[in-house]
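Trainee: Let's have the full structure, built from the sequences with the hints guiding it.
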Amino acid sequence: LFEDPRPLTEKPSSKYPFILLTGRGSASQWHTQTRTSKSAVLRKLYPEQPFVELSPVDAKSLGVVQNDQVLVSSQRGKMVATAFLTHNVQPGQIFIPMHYEATNRLTDAVFDPYSKQPSYKSCAVAVAPIGAVPARK
Numbered sequence: 368l369f370e371d372p373r374p375l376t377e378k379p380s381s382k383y384p385f386i387l388l389t390g391r392g393s394a395s396q397w398h399t400q401t402r403t404s405k406s407a408v409l410r411k412l413y414p415e416q417p418f419v420e421l422s423p424v425d426a427k428s429l430g431v432v433q434n435d436q437v438l439v440s441s442q443r444g445k446m447v448a449t450a451f452l453t454h455n456v457q458p459g460q461i462f463i464p465m466h467y468e469a470t471n472r473l474t475d476a477v478f479d480p481y482s483k484q485p486s487y488k489s490c491a492v493a494v495a496p497i498g499a500v501p502a503r504k
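Residue numbering for the sequence shown follows the working numbering, starting at 368 and increasing by one per position.
Bear in mind the hints are in silico, worked out from the structure with no lab data behind them. Bear in mind that the values here come from a model prediction, so they are computed numbers and not experimental data. Heads up, a few of these hints could be off.
Derived DEER-like restraints, expressed as beta-carbon distance ranges [stated by the list, open to error]: (1) Gly430 <-> Lys483: 41 to 51 Å; (2) Lys483 <-> Thr449: 29 to 39 Å; (3) Gln484 <-> Ser428: 17 to 27 Å; (4) Lys483 <-> Gln442: 19 to 29 Å; (5) Lys382 <-> Ala469: 27 to 37 Å; (6) Val447 <-> Asp371: 30 to 40 Å; (7) Pro458 <-> Pro372: 16 to 26 Å; (8) Gln416 <-> Pro480: 33 to 43 Å; (9) Ser428 <-> Phe478: 10 to 20 Å; (10) Leu438 <-> Gly459: 30 to 40 Å; (11) Lys483 <-> Ser428: 34 to 44 Å; (12) Lys378 <-> Pro480: 14 to 24 Å; (13) Pro458 <-> Lys488: 12 to 22 Å; (14) Lys483 <-> Leu438: 29 to 39 Å.
Quick reminder that beta carbons are idealized off the backbone N, C-alpha and C, glycines included.
Mentor: Next up, the structure:
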């Protein structure tokens, strides 16, 4: 089955000005980590804490620098993540790996009309700086 792309079910607003996109974060994580988190080897290969990819343009406007802690919130939930600044995402968009339970709590569980599976792929969110992460020793 092929269809034309559909518009997002949730558009950015003044309260939630960014579009969150989710997907695979690394080859060492799978789905919500129900199995991969049990592997000591795989746990060493992925980030300790959830991260959010932000465009440098958006980070600057928010007063966020690399590795700052930020609060990402939607109509359904919120989570804390470490800022990772990259040109891989467009201004107005952010990316968080889907492997963290909190990520999926943010998203709008829109169901596919054919498979009846929830997409958990996007939603409108706000991003706010919390502060710098203390240096590791």
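Trainee: Given a hint of 30 to 40 Å, does the C-beta separation of Leu438 and Gly459 actually sit inside it?
Mentor: violated, 18 Å
Trainee: Is 19 to 29 Å right for how far apart the beta carbons of Lys483 and Gln442 are?
Mentor: holds, 23 Å
Trainee: That 33 to 43 Å hint for Gln416 and Pro480 (C-beta), does it hold up?
Mentor: holds, 36 Å
Trainee: Between Pro458 and Pro372, does the beta-carbon spacing fit 16 to 26 Å?
Mentor: holds, 21 Å
Trainee: Take the C-beta atom of Gly430 and the C-beta atom of Lys483, compute their distance, and say whether it sits inside 41 to 51 Å.
Mentor: holds, 42 Å
Trainee: Against the range 29 to 39 Å, how does the distance between the Cβ atoms of Lys483 and Leu438 compare: consistent or not?
Mentor: 32 Å Cβ-Cβ, so the 29 to 39 Å window holds.
Trainee: Given a hint of 17 to 27 Å, does the C-beta separation of Gln484 and Ser428 actually sit inside it?
Mentor: Roughly 35 Å apart at Cβ, these two residues miss the hinted range, so it is violated.
Trainee: Lys483 and Thr449, beta-carbon distance inside 29 to 39 Å?
Mentor: holds, 34 Å
Trainee: A range of 12 to 22 Å was offered for this pair. Does it hold for the Cβ distance of Pro458 and Lys488?
Mentor: holds, 20 Å
Trainee: Between the beta carbons of Lys483 and Ser428, is the distance compatible with 34 to 44 Å?
Mentor: Given range 34 to 44 Å: holds, Cβ gap about 39 Å.
Trainee: Please test the hint of 27 to 37 Å on the beta carbon pair from Lys382 and Ala469.
Mentor: The hint (27 to 37 Å, Cβ to Cβ) is violated, given that Lys382 and Ala469 are roughly 19 Å apart.
Trainee: Using the beta carbons of Val447 and Asp371, state whether their distance is inside 30 to 40 Å or not.
Mentor: holds, 37 Å
In the structure shown, a violation is registered for the earlier hints numbered 3, 5, 9, 10, in ascending order.
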